[in-house]
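Q: My request is simple: use the sequences and hints to build the entire structure.
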Amino acid sequence: MRIPLIAGNWKMNGSLALLEDFGNAFARTESLSKAIEIVIIPPFPYLANADEAFEGTLVQIGAQTLYSENSGAFTGEVSASMLKEFGVHFVLVGHSERRTLFSEDDAAVLARTRQALEAGITPVLCVGETLEERDAGRIDDIVLGQVAAVLDGLTEAERQKLVIAYEPVWAIGTGRTATPEQAQQVHAAIRARLRTYSESLADDMRLLYGGSMKPSNADELLAQPDIDGGLIGGASLKPEDFIAICHAAG
15 MRIPLIAGNW KMNGSLALLE DFGNAFARTE SLSKAIEIVI IPPFPYLANA DEAFEGTLVQ
75 IGAQTLYSEN SGAFTGEVSA SMLKEFGVHF VLVGHSERRT LFSEDDAAVL ARTRQALEAG
135 ITPVLCVGET LEERDAGRID DIVLGQVAAV LDGLTEAERQ KLVIAYEPVW AIGTGRTATP
195 EQAQQVHAAI RARLRTYSES LADDMRLLYG GSMKPSNADE LLAQPDIDGG LIGGASLKPE
255 DFIAICHAAG
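Just so we're aligned, residue 15 is where the sequence shown starts under the working numbering, counting upward by one.
You may find that some hints are simply not true.
What the hints assert, rightly or not - Here are the computed lysine-lysine pairs in the DSS-like style, where the Cα-Cα straight-line distance is at most 25 Å:
(1) K252 with K48
(2) K25 with K175
(3) K25 with K228
(4) K25 with K252
(5) K228 with K252
(6) K98 with K48
(7) K175 with K98
Because the hints were derived from the structure by calculation, they are not lab data.
A: Next up, the structure:
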């Protein structure tokens, strides 16, 4: 039984006031199911405050990225061991914005994944195709290639500790929207690829949908057999919307 996971990625947004609003909103929400996992992923400066704001709630803390080394002369970077000290349980690796804006390739994503695993932090591996790649019919080539680039470099025990998030990059800011059926199709392909490693990996790994999940479409998306949760962007900045999605998952 895969436990649904709802993760809110704030990207470079948020404030101390928003953290307080979220903490208060979750403290007032008593009807959330304990059969789901909830993660808030704020920018680095807010990690300590987030750990305090969500104390006593179901919310866990995640980080948006990490560096591939544990220490050293890497100005501006943050290590897995540092994140661990701030109560971080999850970390994004390979997010589409890290791949495109900061030139992180598959080798860099694998190195970051290994660092997270060594620190006991769950990596959320983000994969997805662009509009050009989708229109060229390269969905499986790109998405499954990104999956294999990381999983092939891990042991079976390490693979079992991952979460994968599918981001249809082509549906972000293009005016085109992924339907639940389109999302399910890619999730099913990822699950089939996992089955080439082992039956248990395919059965147990959680696959999240990262393409503009919101209260109005969460029920339909989460009803798909291979969608086990969401990596939420814009809706994760609104306490009411994010909590509504959590209710849909529970």
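Q: For the pair supplied as a hint, K25 and K175, is the alpha-carbon distance within the 25 Å limit?
A: With Cα atoms ~24 Å apart, K25 and K175 stay inside 25 Å; holds.
Q: Check whether the Cα positions of K175 and K98 lie no farther apart than 25 Å.
A: holds, 16 Å
Q: Is K228 close enough to K252, meaning Cα to Cα at most 25 Å?
A: Satisfied, since the Cα-Cα distance of roughly 10 Å is no more than 25 Å.
Q: Can you confirm whether the C-alpha distance between K25 and K252 stays at or below 25 Å?
A: Holds, at about 13 Å.
Q: Below or equal to 25 Å on CA atoms is what counts here, so check K25 against K228.
A: holds, 16 Å
Q: Taken at face value, is the distance from the CA of K48 to the CA of K252 at most 25 Å?
A: Given that 25 Å is the threshold and the Cα spacing comes to 21 Å, the pair holds.
Q: Holds or violated: K98 with K48, Cα cutoff 25 Å?
A: Cα-Cα ~23 Å, so holds.
In summary, the structure agrees with every hint in the numbered list given earlier.
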